[in-house]
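**Student:** Going line by line, the protein sequences match chains A and B. Taking my numbering, I'd label the letters of the first sequence as residues 49 to 406. Taking my numbering, I'd label the letters of the second sequence as residues 49 to 406.
Rather than coming from a laboratory, the hints here were simulated on the basis of the structure. All of these numbers come straight from a predicted model, not from anything done at the bench. You may find that some hints are simply not true.
Copies of the same chain are indistinguishable here, so a pair counts whether it falls within one copy or spans any two.
Cut-off 30 Å, straight-line C-alpha distance, at most; resulting in silico cross-link-like pairs (DSS-like, lysine-lysine) [unchecked claim]: (1) K341 to K217; (2) K201 to K163; (3) K163 to K341; (4) K341 to K201; (5) K293 to K233; (6) K341 to K293; (7) K217 to K163.
2 protein chains.
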Amino acid sequence: MRFGLFGSAQARRGGPDVDSGVGFREFVDYNVEAESLGFVSTFLVEHHFTGLGQVSATLNLLTFIAARTTTLRLGTAVLVLPWHNPVLLAEQVATLDLLSRGRVDFGVGMGYRHKEFAGFCMPMEEAEARFHESLVVMLRAWTSDEPWSHHGKYWQFDEVVVEPPTHQKPHPPLWMGAGSRESIKTVAALGCNLLLDQYSTVEEIAERIAVFKTEIGRRGRPFDPMSVAVTRSINVLTTPAELQKAQENRIAAKRRIDRLTVRPDGQNARRVSSDETIAASALYGTPEAIAHKLETLRAGGAAYILVNCPGGAAGLRRFAHEVRPSFDDMGGPDMAPHTPQRSDRPGEAGSALVNPPA
Amino acid sequence: MRFGLFGSAQARRGGPDVDSGVGFREFVDYNVEAESLGFVSTFLVEHHFTGLGQVSATLNLLTFIAARTTTLRLGTAVLVLPWHNPVLLAEQVATLDLLSRGRVDFGVGMGYRHKEFAGFCMPMEEAEARFHESLVVMLRAWTSDEPWSHHGKYWQFDEVVVEPPTHQKPHPPLWMGAGSRESIKTVAALGCNLLLDQYSTVEEIAERIAVFKTEIGRRGRPFDPMSVAVTRSINVLTTPAELQKAQENRIAAKRRIDRLTVRPDGQNARRVSSDETIAASALYGTPEAIAHKLETLRAGGAAYILVNCPGGAAGLRRFAHEVRPSFDDMGGPDMAPHTPQRSDRPGEAGSALVNPPA
Numbered sequence: 049m050r051f052g053l054f055g056s057a058q059a060r061r062g063g064p065d066v067d068s069g070v071g072f073r074e075f076v077d078y079n080v081e082a083e084s085l086g087f088v089s090t091f092l093v094e095h096h097f098t099g100l101g102q103v104s105a106t107l108n109l110l111t112f113i114a115a116r117t118t119t120l121r122l123g124t125a126v127l128v129l130p131w132h133n134p135v136l137l138a139e140q141v142a143t144l145d146l147l148s149r150g151r152v153d154f155g156v157g158m159g160y161r162h163k164e165f166a167g168f169c170m171p172m173e174e175a176e177a178r179f180h181e182s183l184v185v186m187l188r189a190w191t192s193d194e195p196w197s198h199h200g201k202y203w204q205f206d207e208v209v210v211e212p213p214t215h216q217k218p219h220p221p222l223w224m225g226a227g228s229r230e231s232i233k234t235v236a237a238l239g240c241n242l243l244l245d246q247y248s249t250v251e252e253i254a255e256r257i258a259v260f261k262t263e264i265g266r267r268g269r270p271f272d273p274m275s276v277a278v279t280r281s282i283n284v285l286t287t288p289a290e291l292q293k294a295q296e297n298r299i300a301a302k303r304r305i306d307r308l309t310v311r312p313d314g315q316n317a318r319r320v321s322s323d324e325t326i327a328a329s330a331l332y333g334t335p336e337a338i339a340h341k342l343e344t345l346r347a348g349g350a351a352y353i354l355v356n357c358p359g360g361a362a363g364l365r366r367f368a369h370e371v372r373p374s375f376d377d378m379g380g381p382d383m384a385p386h387t388p389q390r391s392d393r394p395g396e397a398g399s400a401l402v403n404p405p406a
Numbered sequence: 049m050r051f052g053l054f055g056s057a058q059a060r061r062g063g064p065d066v067d068s069g070v071g072f073r074e075f076v077d078y079n080v081e082a083e084s085l086g087f088v089s090t091f092l093v094e095h096h097f098t099g100l101g102q103v104s105a106t107l108n109l110l111t112f113i114a115a116r117t118t119t120l121r122l123g124t125a126v127l128v129l130p131w132h133n134p135v136l137l138a139e140q141v142a143t144l145d146l147l148s149r150g151r152v153d154f155g156v157g158m159g160y161r162h163k164e165f166a167g168f169c170m171p172m173e174e175a176e177a178r179f180h181e182s183l184v185v186m187l188r189a190w191t192s193d194e195p196w197s198h199h200g201k202y203w204q205f206d207e208v209v210v211e212p213p214t215h216q217k218p219h220p221p222l223w224m225g226a227g228s229r230e231s232i233k234t235v236a237a238l239g240c241n242l243l244l245d246q247y248s249t250v251e252e253i254a255e256r257i258a259v260f261k262t263e264i265g266r267r268g269r270p271f272d273p274m275s276v277a278v279t280r281s282i283n284v285l286t287t288p289a290e291l292q293k294a295q296e297n298r299i300a301a302k303r304r305i306d307r308l309t310v311r312p313d314g315q316n317a318r319r320v321s322s323d324e325t326i327a328a329s330a331l332y333g334t335p336e337a338i339a340h341k342l343e344t345l346r347a348g349g350a351a352y353i354l355v356n357c358p359g360g361a362a363g364l365r366r367f368a369h370e371v372r373p374s375f376d377d378m379g380g381p382d383m384a385p386h387t388p389q390r391s392d393r394p395g396e397a398g399s400a401l402v403n404p405p406a
């Protein structure tokens, strides 16, 4: 197995005496240490207007981390395409990909929090159409050396050649989150790698990997176990009391996030997990207990785990030293990037992936 | 006098054998060396679709430079506000300001190249209105700790608190380019610092500084000589033949840029300089000749020069060692940032600057 990071730094607004940058700088140091501990990647969220101080300018923070690291792959999990001008975003991603010598893993999504769409005054109903249009534009921006135009529903560009180009060709690997069978099929059809969420059960993880593998096989492509990243919260704890407290914190944090996704009609845009699932999906406990859970994940086909450590750098070190060695199959600095797979899905984004302009 | 840099890195699109990142990485090294040579700032352009490989994702490149430097101020000259979602841009600037511990100098403009507006399918006639609306939104994003809404002509936001906050309070210093008396008055009224272009004559520079100083004085504010940055191209050359060649290159480069600004009616959006002015405005020649020109600029009130060196790192070193020592008044690492001045101009942007919400 290989291990990366996922999560967010925190920089809350505060009064004049608050140094809001501390959270960012600690997060940068955390990533630098993670690289030296053998973690192969970091995947960062994008969120807005939460009041929780989550990362909003994801690519900027990743760019700073890029300058302080040399092998760590730099991922987004995920950039919400509907909120961005796709050409400006393609330029930002390409700039980071060049500066980092090809370390970008570009995770994309449609967004799911009502509060964020409301803040941008954008109907959530447009999210999917905007996502697909933006993806088409970005792929074209990355792969076209000749002037092109786009006159879509949401975006228009005329006779542009987008600079700079990406380092990775034809473009950085794309990643998408998915849970349902249908959405996993879409990810496979679009030629993207698959991100699996941290609240799903081990059984669900195994089932989703199997579906993805089948879909990839159906398309005649070889299945790369590293093309599925499973996010997990990990916390090495010694006593039952510590475990109890950590699980309570985890459930409370999840409920805070749930509230940000609620629509005006009171429905939640995402399936709401039970307390039991939230607790069971976490890899919390003694090194032995965590190892047991990792074994089950590995048996279910999981080869690439992205960890979030509520215990911070100390927690990451403990996991790296006390648990990970039995599971390590780390590629280290020369780990090959996950090259994008071609799509065979009809439709705009698919076609763009199948036939990148020379 | 104090000295900074202005300019652009270059990363052209190219075939599979071209490492487009070389230009960016050399530019990063150039900035790192500039800091060690005592230059106090770097100001980067933003351009799109030029085919010249100019920097498009300006804040991302500056963020990488931020991670490799400690005192260098990180400027934009200029970010073109009409092309950006002002909330996303405010988040990006704030993230860089936090990560760099308050080193952002935020230069803003309305844009002037027809080809860029055409590429974004945005009428150039909207540039000024978009600029002012975006500035209002950004100032609000930076200075509001409580939820706010904006329902403007071009942008809508509902009940948002924008995170993260900036490091510099109430926000990073703003800079604007200006040439005419009227536009300089606007810069003073908006409480911005002043950027002066590299093609104006020494006489024009002196006149513009005088106008700005008067306008600042009329508003009862103290005039800070560091609030005016004069851009100049500098090239230490030994022989008349080298000088001749360098001037020809400079004129040809200016004509290339001119072509990008031409409107469909054949008119140029900016005043077109004569070959003589283009040549005369450059600080090219022997160390003595350059020193003489710098003397004239200093006599005209210029205290802060942003240099562009066609001679690259070698040229920068030569200037730093052979010319600059007679003019140095470098603040070094503890140079205070140019704190933003408050505005007394009625109008939206002005009001926002006068009355930043607590």
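**Student:** Hints numbered earlier in the text: which of these fail when held up against the supplied structure?
**Tutor:** Hints 1, 3, 4, 5 not satisfied by this model.
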